[in-house]
Each structure stands twice: as structure tokens, then as C-alpha cells.
Amino acid sequence: MEGQHKEKNTKIKKSKKPLVVSNRKPFNVFEKKKSAKPLVRDPRFSDFSGSFNANFFRNAYKFLYDSREQEKKIIEKKLKSKNITQEEKDELKKKYNDYKSTDILLKKKEEERKLKAELVKQEKQNIITKNKKPYYYSDRKIKKIVQEKLSSRTFEVTNEEKKKLAWNANMDITQKKEEYNFEYDNNNNNNNNNKHNKKKEEIKKEFKYLVPGERVKFSVIYDEKSNSSKAINVDYID
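Following numbering that gives the first Met the number 0, the numbering of the sequence shown begins with 0 at its first residue and continues without gaps.
For the record, the hints were derived by calculation from the structure and aren't laboratory data. A hint or two may mislead.
[Claimed, not checked] Computed spacing ranges between beta-carbons, pair by pair:
(1) L78 to K131: 49 to 57 Å
(2) K143 to K120: 13 to 21 Å
(3) Q146 to Y98: 16 to 24 Å
[To be verified] With a Cα cut of at most 27 Å, we get these calculated DSSO-like pairs of lysine-lysine:
(4) K115 to K131
(5) K115 to K140
(6) K106 to K94
(7) K79 to K93
(8) K123 to K107
(9) K142 to K61
(10) K129 to K140
(11) K113 to K61
(12) K148 to K106
Glycine included, each C-beta is placed from N, C-alpha and C at the ideal position.
Turn these sequences into a full structure, and let the hints steer you where they fit.
Put into C-alpha cells, the structure is as follows:
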């Protein structure tokens, strides 16, 4: 009984045996073999699609960037209108701030791309001229350099205005593109009148559109009678 049981276990199944074909049947050389299902190629992850060219992409889809600028101008005109409710005004402000924040992000990405291309070019030049081992900057390092560059931007005032106002040029606020009154921090020892000193948070409340990361240039006029100052010719700097 045990021997019969072993024979049953060692017996090969018919499905696992090799296919037996009669030698009388002629072999067709041109017969197509059964192929697997064709693989679907995703152009986003395929090498056949080529490498990404940022300049070509921006030029090809320039109309999208132009339409964004037109939409921003339309929102600005609507905000100046007096025939809108407070809810509509808040909604328009929200959309406008979204556009501005997206513009800052796109500008930051563009600066990162330019910096990366510049660093690669510089390293290639060092290999040729100085026979130096190339240093490959990581994306994290490039982002850090750009962030430090953006955060170091300050307001620009003339030397005469600095003498009169003792203006703190490192104040990080974003001005609206129009004339407005503001108070300054008077650190001049000759004038002890500190009635007009204000904190950054108090100054920020006077502006409607606060978008961090922008650079502003303006001129300052000092009024001795009222002991106050006024910013004129406010303009954004690219």
C-alpha cells in the first residue's frame, strides 16, 4: 500500500508534461506567436517624450500668463468700484491675494531655475580652467540660497531721507501702490519727540494688500509742522 501511495505522488500530471506534436504536421515558419498585451506608454514618465524645457514651455503657454495679468487688472478695477457689497469685496480681495501669492511662487521657481543653470555653467567652467572637481548643488541647497536672497531685500531710500528720518530700512512690510501716510521710528538724538513711533503690526494694518516677499521703492517727504512724514512715488521693484 505504501509503495502504491508513493507512485501516485511521483506521477507527473498531464498539464505539466511537455506538448507532444505529430511530426507529420508541417511546421509553418510564418505563423505569428501569441504576444502579450501591448504596454500603454505614459508620456509624463517616458524617455521618448524628451526632457523638460522651461523656456520652451513658458513661450508655448505665454497666453495663459497674459490672461492671468488681465484677470488681475479686472479684479483691481472691480475693487475700486463703489457699487459692490462687502461680501463681494472680500471675495475679490481673496482672489487677488491668491493671484499675488501664485505670482510670487512662480517668480521664486524662475529664480531657482536661473540660479541652478548659472551654478552648473560655473562648475563646468571650473572643470575646464581650474581642473576642479565638480560640486553638484542639491535642489534643497538652491532653494535655501534663493530664500536668503529674497529675505535680504529691503526698502530703498535716499541718503538725505535717512539723515532726516533715521528710517529703519530693514522693516519687512509690503506697501500698497499709492500715496499714504505712515509713521517712522525716530532714533535721532537731536529730536526727542517719539509721538509717532509705531510697531510693524500697526503699520501693516494701514495696507489693504499684504503680500510678503515684494520689494518697494518710495520717496519720503518730512513735514516739520506736523512732525510726520509722507511716502510718495511708491512703486514695485522687479
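Status of the hints after comparison with the structure:
1. For L78 and K131, the Cβ-Cβ distance of about 54 Å falls inside the hinted range of 49 to 57 Å, so the restraint holds.
2. Checking the proposed 13 to 21 Å range against K143 and K120 shows it holds: the Cβ atoms sit about 20 Å from each other.
3. Between Q146 and Y98 the CB atoms are about 22 Å apart, so this pair conforms to the stated range of 16 to 24 Å.
4. Straight-line distance between C-alpha atoms of K115 and K131 comes to about 18 Å, which keeps the hinted pair within the 27 Å bound.
5. For the hint linking K115 to K140, the alpha-carbon distance of about 10 Å falls within 27 Å, and the restraint holds.
6. For the hint pairing K106 with K94, the CA-to-CA distance comes to about 18 Å; that is within 27 Å, so the pair holds.
7. Only pairs whose Cα atoms come within 27 Å are accepted, and K79 paired with K93 is accepted, the gap being roughly 15 Å.
8. Under the criterion of a C-alpha separation no larger than 27 Å, the hint pairing K123 with K107 is consistent with the structure, at around 24 Å.
9. At roughly 25 Å between alpha-carbon atoms, K142 and K61 fall within 27 Å of each other, so this suggested pair holds.
10. A threshold of 27 Å between alpha carbons decides the hint, and for K129 with K140 the separation of about 23 Å falls inside it, so the pair holds.
11. A C-alpha spacing of about 18 Å is found between K113 and K61, which places the hinted pair at or below 27 Å, so the restraint holds.
12. Restraint check for K148 and K106: the C-alpha separation of about 13 Å stays at or below 27 Å, so the hint holds.
Going through the hint list in order, the structure satisfies each hint without exception.
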